[in-house]
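Assemble the whole structure, with the sequences as input and the hints as a guide.
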Amino acid sequence: MTATWAGQRARPGTVGTGTIRADAIPKSRGDFAFSSDLYADGMLWGATVRSRYPYARIKSIDFSAAAVMSGVRCVLTHHDVPGRNRFGLEIRDQPVLADDAVRYVGEPVAVVAADHPEIARRAAEAVAVEYERLDALTDPRLALSGVGPDLHDGGNVVAHHRIRKGSAEPAADVVVRGVYHVGTQDQAFLGPESCLAIPALDGGVELYCSTQWLHIDQDQLADVLSLPLDKVRLTLSGVGGAFGGREDLSVQAHACLLALRTGRPIKMVYDREESFFGHVHRHPARLEYEHGASADGCLVYVRARILLDGGAYASTSRAVASNAGCFACGPYEVPNVSVDSYAVYTNNPPCGAMRGFGAVQSCFGYESQMDKLAAELGLDPVEVRLRNAVGTGSAMATGQRIDGPAPVAELLRRVRDMEPPAPADSSTCDDVLMPGGAANTTHGEGVRRGVGYGVSVKNICKSLGYDDYGTARVRLSISGGEPVAEVHTAAAEVGQGLTTVQAQIVRTELGVRQVVVVPADTRVGDAGTSSASRQTWISGGAVRAACEAVRDRVLRIAAATLGAELSELWLADECVRSERTATDVPLAELLGSTNVDETRVFRHRQTFPLDPETGQGDGHVAFAFAAHRAVVDVDTELGLVRVVEIACAEDVGRAMNPPAVEGQMHGGIAQGLGLALMEEVQVVDGYIQNPSFTDYLIPTTLDMPPVRLSILEIPRDDSPYGLTGVGEPALLSCPAAVVAAIRDACGIDITRIPVRPEIIAGCA
Amino acid sequence: MRLSCTVNGQRRDIDVCPAESLLFALRERMGLPGTKNACEQGECGSCTVYLDGVAVCACLIAAGQAEGGDVVTVEGLADDEGPHPVQQAFAESGAVQCGFCTPGLIVAVHDVLSHSPRPTDAAIREALAGNLCRCTGYEKIFDAVRSAAVRMSAEGKRR
Amino acid sequence: MTSFVQPVGLDEACEAKAAEPDLVPLAGGTDVMVELNFRRARPHGLLDLTRVPELREWSVSDGCWLRLGAGVSYARIIKELGGHAPALATASRTVGSPQIRNRGTVGGNLGTSSPAGDALPPLLATGSTVELVSVRGNRLVRIEDFFTGPKENVLLPDELVAAVWLPVGRGPQQFSKVGPRNAMVIAVAALATALDGESRRVGVGLGALAPRPIRAVEAEDFASWALDWDGGSGIHADVAARFGALVAGACAPIDDVRGSSAYRRHAVAVLAARSLRWAWQEYRKDKSCG
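Protein chains in written order, with this note's numbering: chain A, 2 to 765; chain B, 179 to 337; chain C, 8 to 297.
Derived by calculation from the structure, the hints in this document are not laboratory data.
Even glycine gets a Cβ: it sits at the ideal position worked out from N, Cα and C.
The reader is advised that the hints may include incorrect statements.
Which bits of chain B does chain A cover? Going by a derived footprint, with three or more residues having C-beta under 8 Å, they are [claimed, not checked]:
1. 208 to 217
2. 221 to 233
3. 245 to 254
4. 257 to 269
5. 290 to 298
6. 323 to 333
FRET-style restraints, in silico, Cβ to Cβ [stated by the list, open to error]:
7. A/R53 - C/E159: 23 to 29 Å
8. C/G241 - A/V176: 49 to 55 Å
9. A/G264 - C/D29: 40 to 46 Å
10. B/D258 - C/P218: 54 to 60 Å
11. A/E133 - C/D29: 36 to 42 Å
12. C/G156 - A/G264: 49 to 55 Å
13. B/H293 - A/Y40: 31 to 37 Å
14. A/G748 - C/E159: 40 to 46 Å
15. B/R180 - C/D29: 21 to 27 Å
16. C/G176 - B/D193: 50 to 56 Å
Computed far set for chain B versus chain C, every beta-carbon distance over 12 Å [what the hints assert, rightly or not]:
17. T184
18. N186
19. G187
20. Q188
21. R189
22. R190
23. E304
This is the structure:
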């Protein structure tokens with residue numbers, strides 16, 4: 002199947018070699034066009050009118066003052082949505098423009114197009130919306146208990162997943178309990194939401210945008226705009242990071258509506274503040290846990306009750322809640338399981354996908370519990386994890402047997418056995434590397450070092466019976482006397498390096514040097530989403546399949562031309578090589594003006610929905626694992642933390658582009674560190690308190706420590722090249738490890754992330 | 179109002195609103211979108227440019243303040259020979275992922291190395307603390323800085 | 008907005024401000040431009056002070072006073088004034104990022120009068136004086152009289168901040184600031200301590216701990232009394248703790264997204280005790296070295 006002959010793999014730019022991204026130089030020169038950089042002649046600027054209340058009935062919208070402002074071209078409300086005024090990834094419950102009511106602060110109510118962005122924003126401010134305020138439901142526990150208004154038909158419980166395994170009344174020697182909280186994290190991608198929508202002559206629209214999944218945007222937009230799919234054509238523009246925050250529609254529908262109404266190109270760009278209202282966040286969670294174990298530290302049972310606040314609309318809450326439940330026990334053998342995971346509607350900001358997708362929240366809970374159990378039993382925290390770690394053949398909480406690699410114990414040993422960083426020494430350590438950074442808060446006073454561990458598991462690819470596939474088209478032609486392969490998918494490059502991997506696969510499979518990755522758009526079949534750590538597996542699989550089809554056709558052409566047997570021909574070094582005659586025919590000569598063009602769809606193996614009563618079933622394609630060790634210096638009096646080092650071990654199956662794998666791990670660790678220590682969208686009574694980079698803090702260069710990686714490559718037998726997804730695992734147990742290290746340093750219990758200095762200093 | 183200044187070595191005369199930022203003027207009026215707009219409050223460094231040889235956040239400069247000034251953006255660092263060594267080092271070190279922070283970082287690193295050809299690791303961290311990156315965890319950016327420092331001293335760089 | 012005025016001298020700047028008192032002074036832009044970018048303010052006009060050479064100068068007169076022009080950047084303070092104004096230089100190093108420090112000025116911190124302005128506690132601790140200027144002339148205002156409330160001060164509509172006068176060479180100084188991130192963070196609590204060996208006084212300035220930047224007078228009096236200026240013996244733990252408690256007692260902090268009032272009080276007490284020790288150690292060292 003795969004081109005296998007030796008030497009080919011090692012060629013530059015092929016699978017497994019460190020390959021420089023084709024976009025790296027343009028991005029470094031400022032020449033790369035992000036969606037916010039696009040421009041079209043005659044374009045107008047869109048701006049959004051947003052709700053000021055968490056829950057209110059809209060009594061009237063008066064845009065007369067805005068409409069007559071000089072330079073304003075149109076103002077649209079829900080009356081102007083030609084199709085279905087709803088969108089959503091799982092349930093189409095979210096209005097494109099609010100109609101009867103608003104359900105969160107910042108919900109779009111109207112949109113404006115004007116000649117200049119400042120005029121558009123002023124016009125948006127001039128739109129007068131009369132509201133009748135309603136009592137907002139902002140406490141997810143009330144929402145779960147059924148108190149308060151139903152925010153949507155069918156009540157406020159969006160999701161309830163049950164897992165029941167083994168005995169309902171298991172007996173354990175030791176029991177530890179805990180209630181944990183995870184705050185709302187924001188993806189905080191650097192490039193705010195933006196797009197350019199251009200009305201087309203055929204009555205359709207061309208949309209250039211940042212997204213994680215072109216086809217699901219297209220599908221929703223076609224319904225909203227009441228256009229056939231072929232009249233809503235999307236092209237991916239440069240995406241300034243995603244991390245889950247670009248799965249849901251933001252500017253797309255609004256820009257298309259304005260473009261179709263005005264007949265002019267429409268550009269929309271959110272500023273940072275609007276971005277905090279313009280996309281979903283990571284679900285805040287409350288996790289109640291009870292772990293029972295035998296005296297020797299083997300888990301007997303886990304009981305968990307997980308409540309996720311989904312906010313005003315469903316987004317991906319069902320799948321996030323399912324994931325939180327499925328991975329509530331972590332990568333451990335647990336014979337008896339009782340887990341209930343819920344997501345509810347409230348009048349808080351909508352929550353949905355973010356890197357880790359439910360598994361991050363659970364991990365903080367179960368890893369905190371494992372440390373508690375270790376302390377209770379007087380065991381080493383790594384030892385208690387090793388005693389319970391799953392391996393290949395183990396059953397997950399859902400009963401699914403792990404048939405792929407599951408080197409959990411090995412990952413733990415690797416991080417444990419890494420050389421520890423040098424001890425803190427204020428006399429030799431540069432002062433900016435002490436807790437508090439350059440702010441001169443300690444010269445060593447109060448500083449204690451701690452070490453903590455975490456290990457984690459998450460599903461890779463989509464789960465629970467979802468028909469998950471990717472499409473790729475590969476075209477081999479001769480240009481300027483050289484073979485050129487063109488690869489075309491709709492898979493979103495969001496920064497992770499997907500286009501580079503696609504080119505690597507083509508070089509590997511077809512042995513050509515020149516590979517052109519065509520911009521992703523909807524002219525080619527669906528690629529699925531750039532999330533769930535799935536895109537290299539799925540679209541990579543599709544690219545490989547298309548290459549195989551191209552290769553097969555080339556060899557058939559060669560067999561016919563040369564009168565040779567198919568079985569004796571190889572494709573290598575831009576030639577067709579005959580084993581028997583030891584002759585090479587250059588592709589340029591063989592193909593001439595013939596183009597070989599093949600499109601293939603790739604599916605991973607089938608998964609199945611879980612039993613609704615017991616949560617048992619083969620719901621997942623694959624599991625990925627990561628282990629972390631965090632070393633921290635804590636100023637125990639001031640509650641300030643400096644993470645000294647993070648070590649992370651992960652099994653990636655096959656490192657397709659090793660530096661890119663490392664980059665994914667580094668980035669995931671940084672986001673995990675942020676969640677542990679500083680990142681929280683603070684919401685009070687439905688209002689975001691800190692929608693800015695002044696008060697929503699993400700780690701800086703002085704917060705990120707040196708990171709030490711250990712990358713295992715245990716090939717899977719069910720994925721292209723044996724790879725597994727790498728986008729998410731390095732984040733999952735990072736917060737748990739950092740918090741464990743803080744606990745170790747200062748001996749206090751910490752049950753909530755991000756950990757605030759108040760908590761560590763004991764004056765909350 | 180009329181703004182006259184030099185941008186990447188070229189004389190520019192354009193109409194601006196006094197209160198708009200140099201960032202807006204560069205991106206929307208001069209056709210130089212390489213400088214990125216990520217926070218507009220000086221918190222992220224994505225819009226770092228040189229104004230009269232000093233690294234600044236273009237979002238915090240009123241366009242009018244650049245009158246008569248000499249502005250160099252990320253687009254102005256490469257020359258006919260190709261990318262600047264800092265740009266080359268970023269690409270080769272894997273320091274670029276989504277790339278939205280990259281232009282600002284390129285200018286910031288260019289500035290750091292022009293003042294301090296071989297900065298210590300702690301100095302690099304402190305000097306780049308105003309440039310947020312959400313993708314890389316900074317690790318490969320530090321690699322790029324060290325690599326660029328070596329390249330530039332080897333090339334006796336210039337610029 | 009109608010006007011953008013760019014004076015090239017201080018007199019011209021004062022005349023412009025007198026003619027159009029609504030003009031918003033603009034220097035580093037770190038406060039004003041954020042307001043403009045997010046449409047929180049739509050001023051009548053801007054008065055760009057970056058071309059006024061008088062504002063960008065500093066000088067030391069008689070070896071006693073540093074006159075720091077309002078438009079000297081934090082980057083220059085760090086580079087040029089670490090010896091004359093150590094607490095201010097340390098504070099400057101914690102202001103934003105290098106890019107911000109290249110543009111931001113003490114004049115801006117004074118003009119904005121945010122309770123969390125990083126440069127302000129050192130001015131309070133050292134007993135500095137603000138020099139205001141207008142077409143009517145110059146006037147001096149003691150720093151503790153300058154702030155009247157959150158983002159409010161005594162500046163009259165036609166006045167500009169010309170300079171700030173800091174005493175120099177009086178003794179060791181410290182500045183410390185607490186925030187939930189190790190860089191690029193607005194103070195949750197900030198404290199400057201200045202020892203004056205000649206007058207045997209300890210000065211304490213606090214930021215982000217009250218509606219305006221304040222001194223901690225009782226703590227100053229206590230420390231000035233309790234320190235063994237002649238003998239130079241070490242600080243007893245009780246003295247440091249008492250000093251911390253008095254500093255905390257001077258505060259009237261708020262609860263907000265950046266930190267709780269309880270934490271702010273706690274943190275400043277810790278910082279106060281530590282920084283008094285650091286300053287005192289340095290004082291003793293200097294003294295023993297003669």
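- Message: Of the numbered hints stated earlier in the document, which are not met by this structure?
- Response: Hints 5, 6 and 23 not satisfied by this model.
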